[in-house]
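The chain contents come next:
Number of protein chains: 2
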Amino acid sequence: MSKILIVGGVAGGATAAARLRRLDEHADIIMFERGEYISFANCGLPYYIGGDITEKSVLTLQTPESFKARFNVDVRIYSEVIGINRKEKNVRVKNLKTGEEYTESYDKLILSPGAEPVKPAIEGAGNEKVFTLRNIPDTYRIKDYIETHNPKTAVVVGGGYIGIEMAENLAHAGAAVTIVEFADHVIAPLDYDMACDVHNHIREKGVRLILNDGVKAIAPEGDGLRVTLGNQVLTAEMVILSVGVRPEGSLAKDAGLDVNPRGAILVDSHMRTADDNIYAVGDAVEITDFVTGGKGYIPLAGPANKQGRIAADNICGIETSYGGTQGTGILKCFDLTVATTGITEAKAKAEGLSYEKSYTYSASHASYYPGAVNMSVKLLFEVPTGRILGAQIVGYEGVDKRIDVIATAMRAGMTVYDLTRLELAYAPPYSSAKDPVNMAGFVAENILEKRVKVAHWHEVATLPKDGSVTLLDVRTVPEYENGHIDGFVNIPLDELRQHLDKLDKSKPVYATCQVGLRGYVACRILSQMGYDCYNLSGGYRLYNSILG
Amino acid sequence: MSKILIVGGVAGGATAAARLRRLDEHADIIMFERGEYISFANCGLPYYIGGDITEKSVLTLQTPESFKARFNVDVRIYSEVIGINRKEKNVRVKNLKTGEEYTESYDKLILSPGAEPVKPAIEGAGNEKVFTLRNIPDTYRIKDYIETHNPKTAVVVGGGYIGIEMAENLAHAGAAVTIVEFADHVIAPLDYDMACDVHNHIREKGVRLILNDGVKAIAPEGDGLRVTLGNQVLTAEMVILSVGVRPEGSLAKDAGLDVNPRGAILVDSHMRTADDNIYAVGDAVEITDFVTGGKGYIPLAGPANKQGRIAADNICGIETSYGGTQGTGILKCFDLTVATTGITEAKAKAEGLSYEKSYTYSASHASYYPGAVNMSVKLLFEVPTGRILGAQIVGYEGVDKRIDVIATAMRAGMTVYDLTRLELAYAPPYSSAKDPVNMAGFVAENILEKRVKVAHWHEVATLPKDGSVTLLDVRTVPEYENGHIDGFVNIPLDELRQHLDKLDKSKPVYATCQVGLRGYVACRILSQMGYDCYNLSGGYRLYNSILG
Ligand SMILES: Cc1cc2nc3c(=O)[nH]c(=O)nc-3n(C[C@H](O)[C@H](O)[C@H](O)COP(=O)(O)OP(=O)(O)OC[C@H]3O[C@@H](n4cnc5c(N)ncnc54)[C@H](O)[C@@H]3O)c2cc1C
Ligand SMILES: Cc1cc2nc3c(=O)[nH]c(=O)nc-3n(C[C@H](O)[C@H](O)[C@H](O)COP(=O)(O)OP(=O)(O)OC[C@H]3O[C@@H](n4cnc5c(N)ncnc54)[C@H](O)[C@@H]3O)c2cc1C
Ligand SMILES: CC(C)(COP(=O)(O)OP(=O)(O)OC[C@H]1O[C@@H](n2cnc3c(N)ncnc32)[C@H](O)[C@@H]1OP(=O)(O)O)[C@@H](O)C(=O)NCCC(=O)NCCS
Ligand SMILES: CC(C)(COP(=O)(O)OP(=O)(O)OC[C@H]1O[C@@H](n2cnc3c(N)ncnc32)[C@H](O)[C@@H]1OP(=O)(O)O)[C@@H](O)C(=O)NCCC(=O)NCCS
Chain A
0 MSKILIVGGV
10 AGGATAAARL
20 RRLDEHADII
30 MFERGEYISF
40 ANCGLPYYIG
50 GDITEKSVLT
60 LQTPESFKAR
70 FNVDVRIYSE
80 VIGINRKEKN
90 VRVKNLKTGE
100 EYTESYDKLI
110 LSPGAEPVKP
120 AIEGAGNEKV
130 FTLRNIPDTY
140 RIKDYIETHN
150 PKTAVVVGGG
160 YIGIEMAENL
170 AHAGAAVTIV
180 EFADHVIAPL
190 DYDMACDVHN
200 HIREKGVRLI
210 LNDGVKAIAP
220 EGDGLRVTLG
230 NQVLTAEMVI
240 LSVGVRPEGS
250 LAKDAGLDVN
260 PRGAILVDSH
270 MRTADDNIYA
280 VGDAVEITDF
290 VTGGKGYIPL
300 AGPANKQGRI
310 AADNICGIET
320 SYGGTQGTGI
330 LKCFDLTVAT
340 TGITEAKAKA
350 EGLSYEKSYT
360 YSASHASYYP
370 GAVNMSVKLL
380 FEVPTGRILG
390 AQIVGYEGVD
400 KRIDVIATAM
410 RAGMTVYDLT
420 RLELAYAPPY
430 SSAKDPVNMA
440 GFVAENILEK
450 RVKVAHWHEV
460 ATLPKDGSVT
470 LLDVRTVPEY
480 ENGHIDGFVN
490 IPLDELRQHL
500 DKLDKSKPVY
510 ATCQVGLRGY
520 VACRILSQMG
530 YDCYNLSGGY
540 RLYNSILG
Chain B
0 MSKILIVGGV
10 AGGATAAARL
20 RRLDEHADII
30 MFERGEYISF
40 ANCGLPYYIG
50 GDITEKSVLT
60 LQTPESFKAR
70 FNVDVRIYSE
80 VIGINRKEKN
90 VRVKNLKTGE
100 EYTESYDKLI
110 LSPGAEPVKP
120 AIEGAGNEKV
130 FTLRNIPDTY
140 RIKDYIETHN
150 PKTAVVVGGG
160 YIGIEMAENL
170 AHAGAAVTIV
180 EFADHVIAPL
190 DYDMACDVHN
200 HIREKGVRLI
210 LNDGVKAIAP
220 EGDGLRVTLG
230 NQVLTAEMVI
240 LSVGVRPEGS
250 LAKDAGLDVN
260 PRGAILVDSH
270 MRTADDNIYA
280 VGDAVEITDF
290 VTGGKGYIPL
300 AGPANKQGRI
310 AADNICGIET
320 SYGGTQGTGI
330 LKCFDLTVAT
340 TGITEAKAKA
350 EGLSYEKSYT
360 YSASHASYYP
370 GAVNMSVKLL
380 FEVPTGRILG
390 AQIVGYEGVD
400 KRIDVIATAM
410 RAGMTVYDLT
420 RLELAYAPPY
430 SSAKDPVNMA
440 GFVAENILEK
450 RVKVAHWHEV
460 ATLPKDGSVT
470 LLDVRTVPEY
480 ENGHIDGFVN
490 IPLDELRQHL
500 DKLDKSKPVY
510 ATCQVGLRGY
520 VACRILSQMG
530 YDCYNLSGGY
540 RLYNSILG
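From first to last, the protein sequence lines are chains A and B. Take 0 as the starting number for the first sequence in numbering that gives the first Met the number 0 and just add one per residue. Take 0 as the starting number for the second sequence in numbering that gives the first Met the number 0 and just add one per residue.
Keep in mind that the hints were calculated from the coordinates and are not lab data. Note that the coordinates shown come from a computational prediction; the quantities given were computed from them, not determined experimentally. Some hints could be false.
A pair holds if it fits inside one copy or across any two, identical chains being indistinguishable in the list.
Stated by the list, open to error - The calculated lysine-lysine pairs, modelled on DSS-like cross-linking and capped at a C-alpha distance of 25 angstroms, are: (1) Lys433 - Lys67; (2) Lys86 - Lys252; (3) Lys67 - Lys501; (4) Lys294 - Lys433; (5) Lys433 - Lys55; (6) Lys204 - Lys501; (7) Lys252 - Lys215; (8) Lys128 - Lys142; (9) Lys86 - Lys2; (10) Lys204 - Lys252.
Using the sequences and the hints, build the whole thing.
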């Protein structure tokens, strides 16, 4: 009978324990959890604070008792594993209630200790009105503070997933919220261009958004806090720090296992550390980036769950591998849905990859059926292979579907050519005969096959305004009059063939329209008529959302 | 300058024309359409009748004039192509307004004539209160009839996609609707077991559903119609015939091109007929079944659009291929969403494939986040390879997403093992850390890897009730008391380990629970304790939805 110890009783740990038991009814399994709760819904915590989730009980999927009854696992809460003796194959456990310490031996050990919120080393970060959010006690602390103090103002430091979820939920709870983000845009897995719609939406919802600035100090002031940024000073009744997480790698490190500079534990594709008897999974481990093959750190619940199951499999003699993390993520940001998979353009550039990108703007379902809303899709692909490197989608209904389809295509090693061939479910309430994913594929294919040359929004500023190039807007007159890029002249697409005489063939033409479709058609006409023509990718809509 | 003629101006034809023009600004392109409208939204027609779509204008995406302005295509409506002279490379066109006929020559010809509703050869099918639905005039005819006659009763003959959409929309328009379906279940791309939930839902919505019966005759009676079935007689003020469509292959056939026994035109993967200069696409053509590699007929808008683009590509020297149709389809049926991809179990059986199936029942998103609803997933896979043969999903929110993910995985040639590895977007409003697709993969993997033996709902009736096998229900006592399968005894899963003494090791155990999960866990416990154990796949829920 083998004895398996697990450190951490939530996503990776509890999943591993459950799978271990199903695979091995006879094993002796002990799961240690430092806190009071196991198997809890970390991801639901912001929604309990905001009031969407009203029952405390739904936050915990299992209790130690139910887990024992179902899986015959010895669950020990308030039990911190404080040391690993690899030679003796045992761990040192501290009972946090009694202070008592003891040793527990193992045949196999799984580490799933997760990651802790980064607490920036700034003055005042320890103030009781400054919160971080990781677990249920943190949640109650924030919720209690809101209920007793009824704060009118809150500052959220960090515009990542958790920061934005907290901003939304604090706004729901009645606070005027300011988000402070150090980078030039929120949500790091988005590129700047795609984040602009998110910025606009956040501001429309009444949340103040401060970019390119960070918190230097926090100090009590009156009943609240004085929050000093680089460029200004804010006051607030509470502060949420959500500037990222740090892997809990010290237990492993202290036991002589390898961790990376960030502190994440190194594992092979079986989730095994360099010690054959020790596995590590979840937010505590370094991952292989599915796209680049490089090393990375992407702490997400799906991967943690999968890795927990894979560790259990390997311990029980089923050789399964983890194929790397691609970073598929999604966020509800007020009414918006923001989703990403794969790498960003910024990363592609940093990696020196040869890439191109397409921007499309497609209806969530058939535009003639009620309720259709548009989504922005940015697709990043390798040149010349067409391998999909990543996608970013911002919109409302149906964003989650399209990112999952692209994530699946990426996992399968598909190219943008393959996206054009996907046979996706179509009826008017659900999609269009050419699904947004097919459409992104078509546009990417046209770029790759050089059927159209593209210019991007960031190149517009560098285009000569001296008349040496033709800047052409092919939208209708009312659209053009409603707002256009400086210097662009208007010839509506449907009249273009009649007005070729107005266009000098010796000058390059930069065509734009609303989203890129008509500009593309214009380019096809003009290039076959002997013009050197470029389509402004994403059109006026994208340009205006970024620079308008 | 090449001259290209297109027969049919809707999904396949108009898409081909648009793509042709984009690829070749100089070609002479003429598109013939027999009817008054081009580029119309066939798929939206039922929703105009039901009133969800209120504007006539949104049903037509293009007019002949707009198409000319945008694409410089000569669009000739009311113009029926009545003959093809392949030797002379010309077609005979009849102007349906004037009766005039003329000849038009071509270099390349694309046929996209679609398919017509089957009108069964029964007495009374020609009655003016009996309708079929294909195009805009049909739609106006039905809508006008409803507005002028305000029918209180309607019979829909045929429970396919269009029949059910019409039933729903006629119910919305205020009629008491009866659906008559010849087969034992509605929606042919579903298996019987998965259709049962749909039957229940249709009936709950107040629609009468008559299965296993067909219409023999229709006759006027009073102000309405007398509809004679095999086993009963109905009366109704209107009848919709939606018993399938027949490809419009006669033009091709008369020109000596090959059609299959059904009348569908034969083409190669470039959408080319045996005549190098003639292409055919859309509802008029026979397709290669993506899953079986056999020939088939699957008339859907997505494939028609794709094929139109591919025909245009090949004509313009871009060699692209159509990779077969997998039959991804979706239907809104009142509040339900019903979606399928790949082949049914019935088809797998008929093809003699070695297959197994899994049934799962998963929440649309995290169950602790408000609004989660369950969906039923049937996954069909090849044994022993794990190749995905098909999937059927019935539920509410998020069904379209999961079918598209599985359709994408199938297109990529993925197996059920790959489904377990998909990294899909997770946040509480959108999914679970183990997405329903991952979950279906896990369950299928366990079956394939023989980690659990399964019994299926249709085998229950054949299980001996003489005590020679143990029939075990592992749900809680209240669940069991609320309804269980005759002969099954109750030991709740969480007490199972304590009660093994009650189970005779020499007898096979058939375990069930609500959806299959706890039965699986019970089987893992029991099989490792030396029992020969089978899990009732899909559990009591599936069993009861079919036989309850
Ligand atoms: C507020 C919030 C929202 C989130 N939203 C999402 C989302 O929408 N989507 C998504 O994919 N991910 C989300 N995540 C991330 C997701 O929760 C994590 O990726 C996942 O929980 C990681 O699982 P894990 O097992 O590695 O760590 P955890 O789930 O954090 O579990 C680790 C456990 O180990 C315990 N532990 C640590 N050290 C020891 C020790 N030495 N001894 C005993 N016990 C120890 C800890 O107390 C902790 O309970 C969110 C996280 C938070 C905090
Ligand atoms: C009510 C309804 C609902 C539908 N819903 C869906 C759905 O939700 N999802 C889905 O995927 N599919 C749906 N479909 C099917 C979809 O509309 C078809 O698959 C698609 O339109 C086929 O395109 P096509 O170009 O082959 O034929 P069509 O779109 O039918 O176009 C053929 C055109 O050719 C013309 N024509 C025929 N012969 C001649 C001739 N000799 N000369 C000149 N013109 C000719 C016809 O008048 C017709 O307008 C639906 C169809 C209907 C009728
Ligand atoms: C609650 C928890 C312990 C459950 O772990 P689990 O038992 O592995 O997961 P589930 O309850 O989803 O069950 C999945 C198992 O049931 C099986 N199963 C599911 N539906 C089934 C069905 N209808 N028929 C047969 N088997 C089924 C699956 O195959 C899988 O078993 P396997 O891993 O042996 O293949 C764990 O998920 C957890 O702690 N979650 C909360 C923490 C968390 O994830 N937080 C981050 C997100 S908020
Ligand atoms: C209206 C109709 C003629 C349009 O055909 P179309 O021009 O091929 O299709 P779209 O308007 O969707 O445009 C797609 C083209 O624009 C391009 N495009 C789309 N968005 C773009 C963007 N943002 N930037 C650049 N190009 C873009 C695509 O690449 C594609 O061009 P390609 O085929 O040359 O690669 C045709 O779809 C039709 O008749 N539809 C109605 C009938 C029907 O489908 N019925 C059944 C369903 S109800």
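Name the hints, by number, that the structure is in violation of. 6, 7 and 10
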